[in-house]
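S.K.: Got chain A sorted already, so can you dock chain S onto it with the hints?
Number of protein chains: 2
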Amino acid sequence: MCAQQGLVVFRPPAWLKDQAASYQPTLDIESQMEFVIDVAARNIAERTGGPFGAAVFEQDSGRLVSLGVNLVTTQKLSILHAEIVALSAAQRCVGAFDLGAPDLASHQLVTSTEPCAMCFGAIPWSGVRKVVTGASDSDAREIGFDEGPKVADWVGALESRGILVTTDVLRDRAREVLIAYRDSGGEIYNSRADRDTS
Amino acid sequence: MCAQQGLVVFRPPAWLKDQAASYQPTLDIESQMEFVIDVAARNIAERTGGPFGAAVFEQDSGRLVSLGVNLVTTQKLSILHAEIVALSAAQRCVGAFDLGAPDLASHQLVTSTEPCAMCFGAIPWSGVRKVVTGASDSDAREIGFDEGPKVADWVGALESRGILVTTDVLRDRAREVLIAYRDSGGEIYNSRADRDTS
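Protein chains in written order, with our numbering: chain A, 1 to 198; chain S, 199 to 396.
Chain A on its own, in the form it takes in the complex (with noise of 0.2 Å):
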C-alpha cells in the first residue's frame, strides 16, 4: 500500500469562500439555483475544475450551509463531483452523516446539473429532503460528459423514499454554461468511449 496509507483530504479552492460570502439568503429556489449556476461559471473561470455547481441550504430559512463544485481534475479524485463535495461539506458543517436527522433542519440540494449516476446513488445517503436540478443529463451529453448507468425514473426512485425533486430551473442558463466550458476546451474527463472493450 502506498505511503499515504488512505488519508484522504479535499480542500475547495480558496474563491470558494468569498462566493459563499456574496450569497444573500432566499427561499426563492430560481434565486438558489442562480447562485449555484454562477458558482459553476466561476469554478471554469477559475480553472479549478469542471462546469457543476451545487449547494446545500436549509430548507426553511434558506441559509447556505455549504457549496460545491467539481474538483475531479484539479484534486485528482473521481468522485469529487460537485454534489459529493457539497454534501459532504454540509455533514462536516452539521456534524452527522444525515442531513436528514430529526434534531437538525431540513436540507435541500441544489446543483446545477441532474446528478450523475454517482451522485444520485449518494442524494439517500445524505439525508437531504428536496432536490432541485438544473441542467438536464442530455445537456450534459450534449457536450460530451457521460452521466452513467442511472435508474430510468430517477425523479420518481427519489420521490418514493420521501425526496421531493424539482427539474429545469434556470436550465437553458445552465445549459449556457455547459457549452460554455466546452466551447473554451474543458477537459472533458471520464469519457470513455475511445478506451472501452465492449
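Each hint should be verified, as a subset may be incorrect.
[Unchecked claim] Coverage of chain A stretches by chain S, computed from C-beta distances (three or more under 8 Å per stretch; other residues unrestricted): (1) 92-105; (2) 108-121; (3) 125-135; (4) 147-154.
[To be verified] Label pairs and their computed distance ranges (CB to CB): (5) A:G144 to S:E357: 17 to 25 Å; (6) S:K215 to A:E30: 43 to 51 Å; (7) A:D153 to S:E340: 20 to 28 Å; (8) A:S61 to S:D258: 51 to 59 Å; (9) S:D216 to A:P25: 47 to 55 Å; (10) A:E142 to S:D258: 34 to 42 Å; (11) S:T224 to A:P25: 51 to 59 Å; (12) A:D60 to S:T224: 48 to 56 Å; (13) S:E357 to A:S160: 26 to 34 Å.
Honestly, the hints are just simulated from the structure, not real lab data.
C-beta atoms are modelled at their ideal positions from N, C-alpha and C, and glycine is treated no differently.
M.R.: Just chain S, lined up with the frame of chain A:
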C-alpha cells in the same frame, strides 16, 4: 456557510495499516476476497464502522494498492462506504483520478459486499477494469441495510462499459460477517423506513 469552509478530511483507522501489511500478494481472487472479508470483520471488532471492506489491487501483479472500510458512522460522512474509501485512497496513491489511465497498471476492486447504488455509480468514474464481490445485495438487505435504487442489471451495465464483474466469491463467508454485525447489535444506519414520508 460553516467554519470549516468545506475542507473535508477522511482518515482510515490506524489498524488498517497493520492489516495491509499482513497481505501476501496473490493473483487468486478467493485469496484477495478472504483478505478483504477479514478487513470487514476487523472493522466490526474495532468498532470503526459498518461491516464492509474493499481493496484495490493491481490486476497483473496482485499488489495491494489501497484498502478501505466503511467509516460512515465514525467519521460522520455518508459517502464513506468501503468502496469509496478504497477507490479514493488508490487514486491518491497513483496520483490520478483515473485508475484506468493508459500509463498505469490495470486495477481491480474487490469488495466484501455488492456495491450500493452510489458505489455502483462511482465505479465507472474510478477507472477500475474489474470488480469482484462477495455477499450480495440481498444479503445486505437481510440484515437491514439499504442498497439504494440501482439499475436491475448492474453487472451488465458495468460490463457494457468494459468493466468485468465477478460476483458471489466466498459469498457465504462474507454473509456471515454481515450477520455477525447484526447479531452484535451493530448500528444499521441509513435505514430510513421509519421516517419515509412516502
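S.K.: Each hint needs a verdict: does it hold in this structure or not?
M.R.: Hint-by-hint comparison with the structure:
1. 92-105: Satisfied; 9 residues make the cut.
2. 108-121: holds (count 6)
3. 125-135: holds (count 3)
4. 147-154: Our answer is that it holds, as 5 residues pass the Cβ test (under 8 Å) against chain S, meeting three.
5. A:G144 to S:E357: 17 to 25 Å: holds, 23 Å
6. S:K215 to A:E30: 43 to 51 Å: holds, 49 Å
7. A:D153 to S:E340: 20 to 28 Å: Given about 26 Å between the Cβ atoms, the range holds.
8. A:S61 to S:D258: 51 to 59 Å: holds, 54 Å
9. S:D216 to A:P25: 47 to 55 Å: The hinted range 47 to 55 Å holds for S:D216 and A:P25, with Cβ atoms some 48 Å apart.
10. A:E142 to S:D258: 34 to 42 Å: The hint (34 to 42 Å, Cβ to Cβ) holds, given that A:E142 and S:D258 are roughly 38 Å apart.
11. S:T224 to A:P25: 51 to 59 Å: holds, 56 Å
12. A:D60 to S:T224: 48 to 56 Å: Because 55 Å falls inside the window, the suggested range holds.
13. S:E357 to A:S160: 26 to 34 Å: holds, 28 Å
Going through the hint list in order, the structure satisfies each hint without exception.
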